[in-house]
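Residue numbers (full-length UniProt numbering): 1 to 106.
These are calculated hints, taken from the structure and not from any lab test. No residue lacks a Cβ here, since even glycine has one placed at the ideal position from N, Cα and C. A few of these clues could be false.
As the list claims (entries may be wrong) - List time: in silico BS3-like cross-link candidates among lysine-lysine, alpha-carbon distance up to 25 Å: (1) Lys3 with Lys89; (2) Lys60 with Lys89; (3) Lys3 with Lys63; (4) Lys63 with Lys89; (5) Lys60 with Lys3.
To be verified - Label pairs and their computed distance ranges (CB to CB): (6) Ala32 with Pro66: 30 to 36 Å; (7) Pro34 with Met1: 27 to 33 Å; (8) Met1 with Asp73: 30 to 36 Å; (9) Gly11 with Met67: 30 to 36 Å; (10) Gly11 with Gly41: 26 to 32 Å; (11) Met67 with Met1: 28 to 34 Å; (12) Asn20 with Asp73: 26 to 32 Å; (13) Thr15 with Ser58: 29 to 35 Å; (14) Gly41 with Asp70: 17 to 23 Å; (15) Glu103 with Cys40: 16 to 22 Å; (16) Glu19 with Glu69: 25 to 31 Å; (17) Asp73 with Asp95: 28 to 34 Å; (18) Asn31 with Glu93: 16 to 22 Å.
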Amino acid sequence: MTKINFVDHSGETRTVDVENGATVMEAAIRNAVPGIEAECGGACACATCHVYIDEAWSDKVGKPTPMEEDMLDFGYDVRPNSRLSCQIKVSDELDGLVVSTPERQA
1 MTKINFVDHS GETRTVDVEN GATVMEAAIR NAVPGIEAEC GGACACATCH
51 VYIDEAWSDK VGKPTPMEED MLDFGYDVRP NSRLSCQIKV SDELDGLVVS
101 TPERQA
């Protein structure tokens, strides 16, 4: 299992175990992580699973696709390290990943 660390806007961290192949959004929903709404269920059709990738992990997570970038335009407080958690597939390489949720979703 891969461990993902979710940090909410107040600084509280919740670490969850995630099966490889799931998305970061699915892990958040299954573990009732606050701050991830995922209204579209992971179809990359909204921006309610918006997260910030810790800078140390940006290269491993990679850049958003053009479709994801278009959806991020609808996000709240989008930053250069913003991603949609539904578009990040969990793998062994992401063990220990740190993502933060914005103060609110769009």
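Against the structure, the hints:
no., hint, verdict
1, Lys3 with Lys89, "holds (13 Å)"
2, Lys60 with Lys89, "holds (11 Å)"
3, Lys3 with Lys63, "holds (21 Å)"
4, Lys63 with Lys89, "holds (13 Å)"
5, Lys60 with Lys3, "holds (15 Å)"
6, Ala32 with Pro66: 30 to 36 Å, "holds (32 Å)"
7, Pro34 with Met1: 27 to 33 Å, "violated (21 Å)"
8, Met1 with Asp73: 30 to 36 Å, "holds (34 Å)"
9, Gly11 with Met67: 30 to 36 Å, "holds (31 Å)"
10, Gly11 with Gly41: 26 to 32 Å, "holds (28 Å)"
11, Met67 with Met1: 28 to 34 Å, "holds (29 Å)"
12, Asn20 with Asp73: 26 to 32 Å, "holds (30 Å)"
13, Thr15 with Ser58: 29 to 35 Å, "violated (20 Å)"
14, Gly41 with Asp70: 17 to 23 Å, "holds (18 Å)"
15, Glu103 with Cys40: 16 to 22 Å, "holds (21 Å)"
16, Glu19 with Glu69: 25 to 31 Å, "holds (27 Å)"
17, Asp73 with Asp95: 28 to 34 Å, "holds (31 Å)"
18, Asn31 with Glu93: 16 to 22 Å, "holds (20 Å)"
When each numbered hint is compared with the structure, violations occur for hints 7, 13.
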